[in-house]
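Spelled out, the chains give:
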Amino acid sequence: MDWQSIMSLSIQQALGPSAVIYCLAAIGLNVHFGYTGLLNFGQAGFMAIAGYSMASIVSTWGLSLWLGIVVGLLLTVVLALMLGVPTLRLRADYLAIVTIAAAEIIRQTVGSVTLVDYFGGQDGLTGFNDSFSALNPFEGRLGIPGLVTWRSYDFWVMTVGWTLVALSCVIVWLLMRSPWGRVLKSIREDEDAVRSLGKNVYAYKMQALVIGGLFGALAGFVTALRSAAINPSFFATDITFFAYTVLLIGGAARVLGPVVGAVIFWLLISALGLFFAQATAGADPIIPTWIMTSTQASLMRFIFLGLGLMLLMIFRPQGIFGDRRELALDAR
Amino acid sequence: MPADATTTGTTAADPSAARQALADVAHEPGAAKPDPILVADHVVRSFGGLTAVDVDHVEVQRGVITALIGPNGAGKTTFFNLVTGFDRPDSGEWSFNGRSLDKVPAYKVARMGMIRTFQLTKVLSKLTVIENMRVGATGQKGESLLSAMFRPMWRGQEKSNTEKADALLERFLLIKKREDFAGSLSGGQRKLLEMARALMADPELVMLDEPMAGVNPALKQSLLGHVKSLRDEGRTVLFVEHDMDMVRDISDWVIVMAQGKVVAEGPPDAVMGDQRVIDAYLGAHHDSELTFEDEQRILAAAEAELENARKEEHT
Numbered sequence: 001m002d003w004q005s006i007m008s009l010s011i012q013q014a015l016g017p018s019a020v021i022y023c024l025a026a027i028g029l030n031v032h033f034g035y036t037g038l039l040n041f042g043q044a045g046f047m048a049i050a051g052y053s054m055a056s057i058v059s060t061w062g063l064s065l066w067l068g069i070v071v072g073l074l075l076t077v078v079l080a081l082m083l084g085v086p087t088l089r090l091r092a093d094y095l096a097i098v099t100i101a102a103a104e105i106i107r108q109t110v111g112s113v114t115l116v117d118y119f120g121g122q123d124g125l126t127g128f129n130d131s132f133s134a135l136n137p138f139e140g141r142l143g144i145p146g147l148v149t150w151r152s153y154d155f156w157v158m159t160v161g162w163t164l165v166a167l168s169c170v171i172v173w174l175l176m177r178s179p180w181g182r183v184l185k186s187i188r189e190d191e192d193a194v195r196s197l198g199k200n201v202y203a204y205k206m207q208a209l210v211i212g213g214l215f216g217a218l219a220g221f222v223t224a225l226r227s228a229a230i231n232p233s234f235f236a237t238d239i240t241f242f243a244y245t246v247l248l249i250g251g252a253a254r255v256l257g258p259v260v261g262a263v264i265f266w267l268l269i270s271a272l273g274l275f276f277a278q279a280t281a282g283a284d285p286i287i288p289t290w291i292m293t294s295t296q297a298s299l300m301r302f303i304f305l306g307l308g309l310m311l312l313m314i315f316r317p318q319g320i321f322g323d324r325r326e327l328a329l330d331a332r
Numbered sequence: 333m334p335a336d337a338t339t340t341g342t343t344a345a346d347p348s349a350a351r352q353a354l355a356d357v358a359h360e361p362g363a364a365k366p367d368p369i370l371v372a373d374h375v376v377r378s379f380g381g382l383t384a385v386d387v388d389h390v391e392v393q394r395g396v397i398t399a400l401i402g403p404n405g406a407g408k409t410t411f412f413n414l415v416t417g418f419d420r421p422d423s424g425e426w427s428f429n430g431r432s433l434d435k436v437p438a439y440k441v442a443r444m445g446m447i448r449t450f451q452l453t454k455v456l457s458k459l460t461v462i463e464n465m466r467v468g469a470t471g472q473k474g475e476s477l478l479s480a481m482f483r484p485m486w487r488g489q490e491k492s493n494t495e496k497a498d499a500l501l502e503r504f505l506l507i508k509k510r511e512d513f514a515g516s517l518s519g520g521q522r523k524l525l526e527m528a529r530a531l532m533a534d535p536e537l538v539m540l541d542e543p544m545a546g547v548n549p550a551l552k553q554s555l556l557g558h559v560k561s562l563r564d565e566g567r568t569v570l571f572v573e574h575d576m577d578m579v580r581d582i583s584d585w586v587i588v589m590a591q592g593k594v595v596a597e598g599p600p601d602a603v604m605g606d607q608r609v610i611d612a613y614l615g616a617h618h619d620s621e622l623t624f625e626d627e628q629r630i631l632a633a634a635e636a637e638l639e640n641a642r643k644e645e646h647t
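Sequence lines, in order, name chains A and B.
Counting in this note's numbering, the final residue of the first sequence is number 332, and the numbers go up one at a time with none missing.
Counting in this note's numbering, the final residue of the second sequence is number 647, and the numbers go up one at a time with none missing.
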């Protein structure tokens with residue numbers, strides 16, 4: 001058992017581009033679900049719209065990457081409006097149904113054979129990140145030698161990504177301490193009460209949906225840039241649910257919840273994956289083959305993740321930053 | 333705060349004058365008032381086959397406390413929902429301060445100066461009491477997305493709103509709970525908080541939906557005092573209530589609803605003795621013995637109805 005490499009690779013994941021992506025997606029969900037109480041199960045759809053806009057503007061139409069980013073952000077706003085107009089007047093569960101369906105529609109559309117000339121079908125698109133990697137100031141492997149290092153391109157994505165995370169957290173913090181944020185939190189608690197006090201609940205929910213969607217769009221850009229490729233499988237439904245897991249680990253309605261949640265999530269999931277991979281590898285594995293083979297072991301991390309989530313919900317349902325007093329109110 | 337009432341355009345006239353004006357009003361359903369703040373005409377709302385509200389004409393006098401009473405299912409809360417924009421009538425016209433409220437959404441009704449509370453109190457559980465109060469203030473600059481991120485743009489207003497909220501909390505005896513979550517308050521305290529929060533918007537008309545429901549007797553007296561104080565500072569109060577002692581004690585005028593219609597109006601004492609009101613509450617035949625013929629007639633009518641229902645099922 002090589003504990004050194006397990007630790008090193010886990011930290012690499014916990015601070016790496018994947019954690020950035022889930023962190024940004026969870027920040028968006030935090031605005032939706034944590035603060036406003038909107039049940040968005042289609043964060044992957046917002047990510048896909050943004051990522052594909054950026055990639056196809058460059059690869060298919062041969063225009064600038066920066067234009068692609070602007071178009072991606074605009075289309076994300078359009079998507080949020082399209083989802084919000086019919087559903088935000090209805091009960092919260094309708095938005096959940098519509099968003100999860102919309103995310104799948106988007107994924108199936110960009111992966112379809114009919115549009116293969118534009119979006120590359122199931123193979124997706126590549127070669128759109130040249131102007132981004134051209135800006136990469138790093139060379140060689142970077143990090144803490146002997147503990148954890150990253151490829152220079154990954155390090156560049158991380159630098160940009162964590163900067164975006166920091167900016168997003170500042171924006172969320174500024175918004176949520178304001179009277180505007182107070183109205184959002186009030187809507188989460190009771191819409192009718194807020195309406196009776198003269199606030200246009202519908203408009204606030206729409207603003208929250210758009211803003212949370214834009215954070216999701218940032219996650220979509222990073223998803224495409226870190227792989228230098230994009231394809232429909234990057235935006236499967238489980239991305240949204242992992243982002244919810246990240247949010248709940250950190251604690252909903254807390255500015256830094258998604259950040260800590262993402263780091264812990266990726267630390268755990270890669271440490272568990274590596275542990276079971278090593279424990280079942282080789283001619284004489286630590287876990288005998290009659291208990292599990294290495295193929296079966298690759299799924300163990302998800303089983304343990306589920307167990308961990310259950311324990312979290314039992315012993316610390318408010319997440320890491322949450323306030324237990326708030327949850328006690330629900331029991332009354 | 334009496335001083336504030338005048339700033340909102342409320343004519344903080346002497347409340348006794350407003351009550352005097354009611355002396356000449358006929359004790360009839362739909363009676364015209366000298367200075368109505370709320371007028372409803374032909375407001376109808378039905379749910380499937382049930383006509384919940386069918387109000388021909390009703391006026392609410394400015395500057396007094398009007399009670400809306402009636403047996404369960406009389407349509408009081410539905411009528412409340414209709415006039416405050418939380419529900420839409422099938423037809424009808426209704427206006428507040430002379431401005432039509434047809435198709436005006438609930439939040440705009442509230443901004444016009446008509447703030448309601450709810451039968452089942454709606455406090456914002458996971459916000460502190462003071463935050464609950466701050467939400468109530470209207471016209472906040474910091475509530476628009478563009479200025480929200482820049483604190484200097486709303487800091488001053490926030491401070492004055494907080495001062496106002498503190499004064500109201502003091503008055504409603506909630507100041508000790510200032511930093512507690514609203515969800516940790518008792519039922520009576522929630523009613524107080526809801527009323528105090530409504531006052532943050534300086535409403536001209538306060539609509540209270542069963543303010544006494546679930547409030548312990550000790551708190552009731554203080555709540556009664558608070559409702560009276562609303563009138564004394566020049567606001568109009570319309571409330572739904574089942575507690576007849578409260579109705580008798582504080583209301584200047586009583587409107588009685590039964591089966592969706594306004595069946596009687598008048599000062600509390602006159603209304604309580606009104607035959608139509610007693611009938612509405614207790615049924616028309618509560619004090620006369622049924623004769624054999626009457627019983628037969630009722631039985632036949634019931635059977636005919638059942639028969640009709642059966643036929644309809646088959647078709």
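It should be emphasised that the hints constitute simulated quantities derived from the structure, not laboratory data.
Glycine is no exception: its CB is placed at the ideal position from the N, C-alpha and C atoms.
Hints are supplied without guarantee of correctness; some may be wrong.
[What the hints assert, rightly or not] Derived DSBU-like pairs (lysine-lysine); straight-line CA-CA distance at most 35 Å:
# : chain 1 : residue 1 : chain 2 : residue 2
1 : B       : 491       : A       : 185
2 : B       : 496       : A       : 185
3 : B       : 593       : A       : 185
4 : B       : 496       : B       : 440
[What the hints assert, rightly or not] Label pairs and their calculated CB-CB ranges:
# : chain 1 : residue 1 : chain 2 : residue 2 : range
5 : A       : 85        : B       : 434       : 31 to 37 Å
6 : A       : 316       : B       : 577       : 44 to 50 Å
7 : B       : 425       : A       : 329       : 38 to 44 Å
Right, here's what the structure says about each hint:
{"no.": "1", "hint": "B/491 with A/185", "result": "holds (20 Å)"}
{"no.": "2", "hint": "B/496 with A/185", "result": "holds (21 Å)"}
{"no.": "3", "hint": "B/593 with A/185", "result": "violated (39 Å)"}
{"no.": "4", "hint": "B/496 with B/440", "result": "holds (23 Å)"}
{"no.": "5", "hint": "A/85 with B/434: 31 to 37 Å", "result": "violated (23 Å)"}
{"no.": "6", "hint": "A/316 with B/577: 44 to 50 Å", "result": "holds (49 Å)"}
{"no.": "7", "hint": "B/425 with A/329: 38 to 44 Å", "result": "holds (42 Å)"}
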